[in-house]
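2 protein chains.
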Amino acid sequence: MTVTAPAGFRAAGVTAGLKPSGRSDLALVVNDGPLAVAAGVFTSNRVVAAPVVWSRTAIGDGAARVVVLNSGGANACTGPEGFADTHRTAEHVAAALRVDSQDVLVCSTGLIGERLPMDKLLAGVDVAVDHLSTDGGGAAAAAIMTTDTVSKTVHIEGPRTPQEGPPDTAGGAPREVGEWSVGGMAKGAGMLAPGLATMLVVLTTDAVVDAERAAAALRAATRRTFDRVDSDGCMSTNDTVLLLASGASGVTPADGTFEAVLEQACARLARALVADAEGASHDIAVTVTNASSEEAAVAVARAITRSNLFKAAIFGNDPNWGRVLSAAGTVPEDVAPFDPLTLDVSINGVQVCRAGGVGEDRSLVDIAGAREVRVDVDLHAGDAEATVWTNDLTHDYVHENSAYST
Amino acid sequence: MTVTAPAGFRAAGVTAGLKPSGRSDLALVVNDGPLAVAAGVFTSNRVVAAPVVWSRTAIGDGAARVVVLNSGGANACTGPEGFADTHRTAEHVAAALRVDSQDVLVCSTGLIGERLPMDKLLAGVDVAVDHLSTDGGGAAAAAIMTTDTVSKTVHIEGPRTPQEGPPDTAGGAPREVGEWSVGGMAKGAGMLAPGLATMLVVLTTDAVVDAERAAAALRAATRRTFDRVDSDGCMSTNDTVLLLASGASGVTPADGTFEAVLEQACARLARALVADAEGASHDIAVTVTNASSEEAAVAVARAITRSNLFKAAIFGNDPNWGRVLSAAGTVPEDVAPFDPLTLDVSINGVQVCRAGGVGEDRSLVDIAGAREVRVDVDLHAGDAEATVWTNDLTHDYVHENSAYST
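Going down the list, the sequences are from chains S and L. Taking the numbering used here, the leading residue of the first sequence gets 1, the next gets one more, and so forth. Taking the numbering used here, the leading residue of the second sequence gets 1, the next gets one more, and so forth.
Calculated directly from the structure, the hints in this document are not laboratory data. Do not take every clue at face value.
No copy is singled out in the list; a pair is fine if it fits within one copy or between any two copies.
SDA-like, lysine to any residue: derived pairs with alpha carbons at most 25 Å apart [unchecked claim]:
#, residue 1, residue 2
1, LYS19, ARG219
2, LYS120, ALA267
3, LYS120, GLY357
4, LYS19, ASN348
5, LYS120, ILE367
6, LYS19, ASN317
7, LYS19, HIS282
8, LYS19, GLY359
9, LYS19, ARG362
10, LYS19, GLY382
11, LYS120, ALA94
12, LYS19, GLY357
13, LYS19, ASP344
14, LYS19, GLN351
15, LYS120, HIS395
16, LYS19, SER363
17, LYS120, SER44
18, LYS19, THR342
19, LYS19, GLY33
20, LYS19, PHE83
21, LYS120, GLY138
22, LYS19, ASP61
23, LYS19, ASP32
24, LYS19, VAL127
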């Protein structure tokens, strides 16, 4: 059910002593091949942590053998010394596993602005190397947790559909393709303590894909999944999503199938991130329909998911649709053309706003009854749609994020 | 100390019964001339309340005689019926005061999505007309309060400097000009309950200014004052700032003096809005210096003032400069060019971040000791600067905004 579920991968998760809690804090994921294909998507923040700078360069050739991840420190805003620490980590892992340091990707998560205790970290790498195993995925997923209350993993098998090409019997029956799958792990607890809200994701597959296909598939999948989770509008300095392909299944998935399975895996992990925002009392899906373009739908949905007023209202189980309209109205017309006087808004299926004015009785809306809340906004401006997920704004969010580093 | 301090104005504030609390809720401000110059700046939200639609049109000719304002209902998202209510209000005021309805501006504030009780409102107008007086400014300022804990007013006298032009004695001594001033009132309680966080401002002056000068001065002043208060990033459907000029002083202020006094009046009212965010425990001034342009400085400052993480940290008296950098890094490079590795950040005078990395000891920063917090960010990219004000994100913010309409 995790990064070691596809063939060709080993992983480990150990305690290096980076966290005061004494919980595990260092993970390795190793791709034993035969392929060493890798792709990555990184934060678009201009202030990036040292490991992002390193990994973005190292993955430039579309290849990697190892990912080393630590919790207990983000190694962000740590200057040239922090970059040297990341470099040294990669060199140490490379020596221990006899790979090129350029094939070692590094991820860190934790508080910004503090150096990592390198002695502990490097000693932890040695222990992790000793613990590498083909069922180490669970331990790896646990070691990257920060304020996460549960570890998040995924494993989805690819469809074993008849494959085009020459039949393997003279009779001509289509050959049944072999098994392949996508596994993954993620850390991130939604809005819980995003001072270290780094989202780290490692996906693995034993499908045969080349670097180009891996990169295109990962970018498309993240755009429609992780990019549409917006717990508190704050972009981390460390966000990283990596995909490693071993090719160990020997199967080249048909066009679109690998892409679909990868996106499904990303969607499940993204949903798990939202669900683990324990400071939150509601997960909110804002769906914008009949937009002039997908970009327009995303822009309107994102404006709503970033409205503190709207999110506080949902915490109060208040179907305050005026705040939905007010947030939608902040999107410039050239980004999302629509006529404010035609907007419809439904909350949990009740159309509380019709044509920009009062609709059904708001008292019909039940928000308190379930964690999930659905907000649907019909722009009447086209046929594109998009959904962005967020959480409500709660006392616990304020508490967690005011108390974290003190 | 308010809108009736300059000569040529009468005002009133009465109880029409729009608020369940029974507090005063209807205000009139009348310009008795000789001039009837008016200028206005309105919310840039695409979803606008009926009174904004009305007033924006009515003020198009640069003239107005009366402003009627109500609290207890925003008349936003109320459809054509809501617009008819605003129209009817203007007609009623116009008839009572024997002016053209196109010279009546209307402002409303309160909950979105509910019709106003028009019988009460129009009866209240009649009472207010009977109460108009040249010292009614205080009552008017009180009647537009919603969750405000104090009414906000201002009065600043213009400088009585020697004026250019022919001397009034043969001896040739420069003539001492007469008195003129700018008065004003505002409602808005920062982040307190911005479901009705409408900011309504009425400024008055007895200076002789024409419509063009009034409009230019008001736009410049709001751009550097009200536009730089960003309590919670949420833009209201009703925000309105109006300026009425009576010309009753007979004085035409020298170039720049009227503009300076008007901006000073706006700055004082804007600062008062921040200070009245009673859910907040800190007022935060984010100043960005050495930016490539004023726009760049504003963009970076605004990104920081909109970061929930940063604002929650300040609530926790935590000088979490990593969140300042992380927020600054979200501004696109074409908007604000700077090198993240040169950024300096000081919090209350302590340079906790130097050249994008760790600076002075964060434990030296005292946030708890005062309501005002100063965050200074040096971009090292030019010589422009700007300050944006916000408040911290507190339990009370969540409470007020989750509980308001239920």
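A quick look at each hint next to the structure:
no., hint, verdict
1, LYS19 <-> ARG219, "neither (32 Å within a copy, 53 Å between copies)"
2, LYS120 <-> ALA267, "neither (35 Å within a copy, 53 Å between copies)"
3, LYS120 <-> GLY357, "between (61 Å within a copy, 22 Å between copies)"
4, LYS19 <-> ASN348, "neither (41 Å within a copy, 30 Å between copies)"
5, LYS120 <-> ILE367, "neither (47 Å within a copy, 34 Å between copies)"
6, LYS19 <-> ASN317, "between (37 Å within a copy, 23 Å between copies)"
7, LYS19 <-> HIS282, "neither (29 Å within a copy, 32 Å between copies)"
8, LYS19 <-> GLY359, "between (52 Å within a copy, 23 Å between copies)"
9, LYS19 <-> ARG362, "between (47 Å within a copy, 21 Å between copies)"
10, LYS19 <-> GLY382, "neither (51 Å within a copy, 41 Å between copies)"
11, LYS120 <-> ALA94, "within (17 Å within a copy, 79 Å between copies)"
12, LYS19 <-> GLY357, "between (52 Å within a copy, 22 Å between copies)"
13, LYS19 <-> ASP344, "neither (49 Å within a copy, 28 Å between copies)"
14, LYS19 <-> GLN351, "neither (48 Å within a copy, 27 Å between copies)"
15, LYS120 <-> HIS395, "neither (36 Å within a copy, 38 Å between copies)"
16, LYS19 <-> SER363, "between (47 Å within a copy, 21 Å between copies)"
17, LYS120 <-> SER44, "neither (30 Å within a copy, 54 Å between copies)"
18, LYS19 <-> THR342, "neither (53 Å within a copy, 30 Å between copies)"
19, LYS19 <-> GLY33, "neither (32 Å within a copy, 71 Å between copies)"
20, LYS19 <-> PHE83, "within (20 Å within a copy, 60 Å between copies)"
21, LYS120 <-> GLY138, "within (22 Å within a copy, 67 Å between copies)"
22, LYS19 <-> ASP61, "neither (33 Å within a copy, 66 Å between copies)"
23, LYS19 <-> ASP32, "neither (29 Å within a copy, 71 Å between copies)"
24, LYS19 <-> VAL127, "within (16 Å within a copy, 68 Å between copies)"
Going down the numbered hints, you'll see the structure goes against 1, 2, 4, 5, 7, 10, 13, 14, 15, 17, 18, 19, 22, 23, while the others check out.
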